[in-house]
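Residues in the sequence shown are numbered from 230 upward in steps of one, following my numbering.
Errors might be hidden in some of the hints.
Simulated DEER-style distance windows between Cβ atoms [said to hold, decoys possible]: (1) P246 <-> T271: 32 to 40 Å; (2) P238 <-> A325: 28 to 36 Å; (3) I252 <-> N329: 51 to 59 Å; (4) G276 <-> L253: 14 to 22 Å; (5) V234 <-> I259: 31 to 39 Å; (6) L251 <-> L273: 19 to 27 Å; (7) P238 <-> A322: 28 to 36 Å; (8) I237 <-> G258: 25 to 33 Å; (9) W300 <-> P266: 42 to 50 Å; (10) S233 <-> A298: 15 to 23 Å.
Note that these hints are calculated values from the structure, not bench results. All residues carry an ideal CB built from backbone N, CA and C; glycine is no exception.
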Amino acid sequence: MEFSVQEIPALIESVLPELYLLILAVFLGIEVIGRVPQVLHTPLMSGSNALSGVVVIGSILMVGRAEDAHWSVLVLASLALVLATVNVVGGFAVTARMLNMFRKKK
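Please model the entire structure based on the sequences and the hints provided.
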């Protein structure tokens with residue numbers, strides 16, 4: 230996709246609402262997570278891992294259909310796949326370690 234200099238202001242104007250929404254979501258997320266009691270952090274991590282699993286599925290679908298897409302779509306989908314996979318594997322590792330802490334020692 231090539232853009233001329235005259236198209237750049239219109240492009241920026243079309244992206245600004247999404248950028249504002251992203252910034253609002255980040256600040257709202259920080260506020261909500263900051264107010265969660267420590268007792269509920271583990272279930273919150275489980276929900277985060279489930280969401281990362283959905284991201285893994287979505288990025289696999291995007292990488293599979295990226296043959297006609299711009300190279301940036303392939304790069305972003307691949308990056309999402311790697312980072313979400315690391316998050317899911319790390320979540321399972323942390324969960325396994327926590328469960329081992331609660332097992333009775335023989």
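Going down the list of hints, with the structure as the test:
Evaluation of the 32 to 40 Å hint for P246 and T271 yields a pass: the beta carbon distance comes to about 36 Å. Evaluation of the 28 to 36 Å hint for P238 and A325 yields a failure: the beta carbon distance comes to about 52 Å. Checked against the hint of 51 to 59 Å, the C-beta distance between I252 and N329 comes to roughly 40 Å, which is inconsistent with it. For G276 paired with L253, a C-beta distance near 21 Å keeps the hint of 14 to 22 Å intact.
At about 37 Å, the CB distance of V234 to I259 agrees with the hint of 31 to 39 Å. Range check, L251 to L273: Cβ separation about 21 Å, and the 19 to 27 Å hint holds. Checked against the hint of 28 to 36 Å, the C-beta distance between P238 and A322 comes to roughly 47 Å, which is inconsistent with it. The given range of 25 to 33 Å is respected by I237 and G258, whose C-beta atoms sit roughly 30 Å from each other.
The supplied range of 42 to 50 Å is met by W300 and P266, whose beta-carbon atoms lie about 45 Å from each other. A hinted range of 15 to 23 Å for the beta carbons of S233 and A298 is consistent with their spacing of about 22 Å.
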